[in-house]
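Chemist: As you go down the protein sequences, you meet chains L and V in turn. Reading the first sequence from the start, the letters are residues 11 to 293 in this note's numbering. Reading the second sequence from the start, the letters are residues 7 to 631 in this note's numbering.
Hints are computed from structural coordinates only; laboratory data are not their basis. A few of these clues could be false.
[To be verified] With the C-beta cut set under 7 angstroms, the calculated list includes, among others, these residues of chain V facing chain L:
(1) Ile451
(2) Pro455
(3) Ala462
(4) Phe463
(5) Ser465
(6) Leu469
(7) Leu555
(8) Leu557
(9) Tyr600
(10) Arg602
(11) Ala603
(12) Asn606
[As the list claims (entries may be wrong)] 20 angstroms max Cα-Cα, derived EDC-like pairs, lysine to aspartate or glutamate:
(13) L:Lys63 x L:Glu201
(14) V:Lys8 x V:Glu78
(15) V:Lys153 x V:Glu524
(16) L:Lys63 x V:Glu569
(17) L:Lys59 x L:Asp158
(18) V:Lys57 x V:Glu524
(19) V:Lys567 x L:Asp35
(20) L:Lys187 x L:Asp35
(21) L:Lys272 x V:Glu607
No experiment lies behind these values; they were computed from the predicted model shown. Think of the CB as a built atom: it goes at the ideal place given N, C-alpha and C, for glycine as much as any other residue.
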Amino acid sequence: MKIFLITLAYLVLAPVLGGLLAGFDRIVTARMQSRVGPPLFQPFYDVLKLMAKENLAVNHFQNFYILCFLVFMIITGALFFAGGDLLLAIFALTLAGIFLVMGAYSANSPYSIIGAERELILMMAYEPMLLIAAIGLYMATGTFIVHDMIAIHRPLIFQLPGIFLGLVYILTIKFRKSPFDLSTSHHGHQEIVKGLTTEFSGPALAMIEVAHWYENILLLGLVYLFFAWYPPAAVAAVILTYFFEIFIDNTYARTKWHYAVKWSWAVAATLGVGNVATLYFLR
Amino acid sequence: MKTLFFLMAFPLLPAVLLAAVSAARWRNAIVKMSSVVLAAAAVALGVAHVKGGTSYYAVEGHWVDGALFCGEIGLSLYLLVKGFLSRRYVVPLLVVLQTGLMIYSEFFGGVVSAERDLSVDNLSVIMAMIVGVVGGLISIYSLWYMKDYHAHHPEIPNRTRSFFFVVFVFLAAMFGIVFSNNLRWMYFFWEVTSVCSFWLIGYSQTEEAVQNAFRALKINLLGGLSFALGIVYLAFVHKTVDMSQLLAMGQAAALIPAMFIAFAGLTKSAQMPFSSWLLGAMVAPTPVSALLHSSTMVKAGVYVIIKMAPILQNTAAGFVIALIGGVTFLLASATAVSQNNAKRVLAYSTIANLGLIVACGGVGTFEAVWAAILLVVFHAVAKGLLFLTVGTIEHEIGSRDIEDMHGLITRSPALAIFMLIGIAGMFLAPFGMLISKWVTLKAFIDSNPILAILLAFGSAPTLFFWAKWMGKLLAVPHTPRRTAGQIEPEEWTALLGLAVLTIGACGLFPLIAAEYIEPYTMQLYGHAFSLGYANLAIMGIMLGALILLPLGFFYFPKNLKYEGAYMAGANLPGNLSFQGSLGQPRDMIIRNVYFRAYFNEASLSRLGNWITVLLIVLMFVTAEL
């Protein structure tokens, strides 16, 4: 029953929190750039406006994949917040991501396919670290089940500092922040236009936005896991992590894809593997 | 026991008949009927053996031993002649060495036969079903394929009769391998599969085909030699050639012969540094690739390694074998990124997946064995489907280049969907490979996390190369052209059959696990791994969602306004071209990325070969210690 309520709360609250987070993001970013920035609720206004816009598409398949992207992103989050299996949640997240990429491929447009390929490159970049994070959590807690990980009531962060840092590193990719915002850019006038999302407009774009809110909440849930033994600290860690990502976003220029892969793999191979090795020898 | 004998002997009947008749009508009838019979017999064995333990059978009299011995001599003579005629003297050398060893042990070893020649357990039943059902479907597919192949290649001598003869002998030998408890018998069937694959790879007799066939032969004979060494060691030191006694004699005593047999398994399952033979095998007609990659040959390699798993468990040598598999998985997956030839991508993916299975076998714990068997099942059906679909696509569009498959979903929706099912089956949740990967990861962490890390790094390129291929298939070009070709009934049967098996295996896997795999590990280890019911529920939901999703294709959104793809505002009418920088029209051409500079085939294979050669040396050294 409790699990059911939490899952329900996630379904309803995640987009609200995610949207607020996006609004917060835009205000903080604006302040960092000495601007005032939009109101906190601007992301909601944006999405509502997108819903009302004309539904333009290149073909009739493409929006269907976006619907799948949204649905599987919600399922992923539900798996995680219902206390299910972390590894399965990661696999479901991959599946959701693949649907987004397929939507962009389906549109058969030069810019969207460049975006799709870059998205795949980014997935290739972060996948090892994400799996290593799951490996580390399993080694520290003896389970992949999120519910049991929390029930352990141990500060996992002290056992998994390297893995946590590695995870924060790849979260920059997942939050679509600079220097790794390779597959979609915030601004339509840049070299890849809007990359992955070039051919999506109106309601489809709104769905991508909402899916992204769900995704961000899920990712922050992952951060929470490391501090879950003491909820106030966990909430603080989540906010600080997101603030840090915004800070990085505003202080780095977009990099080339090679670096995204090389650096992410290097981080996974050093921080991630180092942490796993330490756990192995200490156990 | 009757069924075992039937499965091993029956394929010889159609083999001989097919070699004799030349009328296409008769051939069709014989192949179809015997494929159905084989598949039915294999499934019947499976049904009869639900939750069954291991049964052993002794074969009365020594006539079978004698017959097999004669067969062995016959094969050796065939290979000697082939080797000398083509001036490839390594072949006769290897043949003389291994046959010499076997003859020596035959006359001076004292142990000629095992107490119990045949055995059947849950693992061999699963293997038999794969060989019977997948192998049968591939044979049916070959009927159409070979006809069309010769119509397209008039320069290649038509040896279809011998082709089907060899295919059925191959299937018989596979049943032989999985049912043999007598290692000498298994060795004989092992050699038969090597010779059959040699013949099939060299089918077209072009220079390249002959070259690659001999490469495959040499590598597999090297494995055969190691197998023979293992048997001779067992016969002299432990006075037995019985597989069950090998498994029962305790790790310390069994490790050295197990190493020799596992080495043979590594060659046959195309692990680095032996992977080149499987890549070269692509020159053969596509059904041969499908056969080698999915239901036969390479599966024999991983089968013996899985069999040896209890001996390898928690040993340094077993860990080294697991490392060989892990390294192969990582490097083969990475290499697949750089390939645009569909069959090569499939070949690298096979090598990678076999690497994973070998790694599980090397780890050897009950979880790992559980995962390995499930990987074998899922890989067999999905890879069979993928190869056969690529074969049909090649005939439809005249190319096996992934770039040419752009927009296949509009040009030939059925083939694209078969392709997508196969690809999804290889790497996407909730399909089987991923369930197995999930257990594999758990087994690896519980054993040694370095393997889990190899898996983590290898999964990333896997995701990349499959997804970009899927994207190519799903792109919707602005001017859809239907392909001209038509899919023949034989192709439909095989493709649809394998597609249903790929999806079905995913729905039925809890059943496969509960009825066959869990009893198997229970019997060997006293433990059985079982997925929690919560996870099964989640899998069910996801499977349901994935089945519901295709309905979306029948949904045509209203109020959708169509626009041309964005080309920086320089679109020319028709939206297929744009205005170039000098004002001239330019066609929109979309290509995938292959990153040849980073995922370089030559340097990755060199790296892999060095590492794995060192590991193999290490494997034997640690086994001796």
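Chemist: State for each hint whether it applies.
Modeler: Now for the hints, and whether the structure bears them out:
no.	hint	result
1	Ile451	5 angstroms, holds
2	Pro455	5 angstroms, holds
3	Ala462	4 angstroms, holds
4	Phe463	5 angstroms, holds
5	Ser465	6 angstroms, holds
6	Leu469	6 angstroms, holds
7	Leu555	6 angstroms, holds
8	Leu557	10 angstroms, violated
9	Tyr600	11 angstroms, violated
10	Arg602	13 angstroms, violated
11	Ala603	9 angstroms, violated
12	Asn606	14 angstroms, violated
13	L:Lys63 x L:Glu201	26 angstroms, violated
14	V:Lys8 x V:Glu78	24 angstroms, violated
15	V:Lys153 x V:Glu524	43 angstroms, violated
16	L:Lys63 x V:Glu569	15 angstroms, holds
17	L:Lys59 x L:Asp158	42 angstroms, violated
18	V:Lys57 x V:Glu524	8 angstroms, holds
19	V:Lys567 x L:Asp35	33 angstroms, violated
20	L:Lys187 x L:Asp35	11 angstroms, holds
21	L:Lys272 x V:Glu607	18 angstroms, holds
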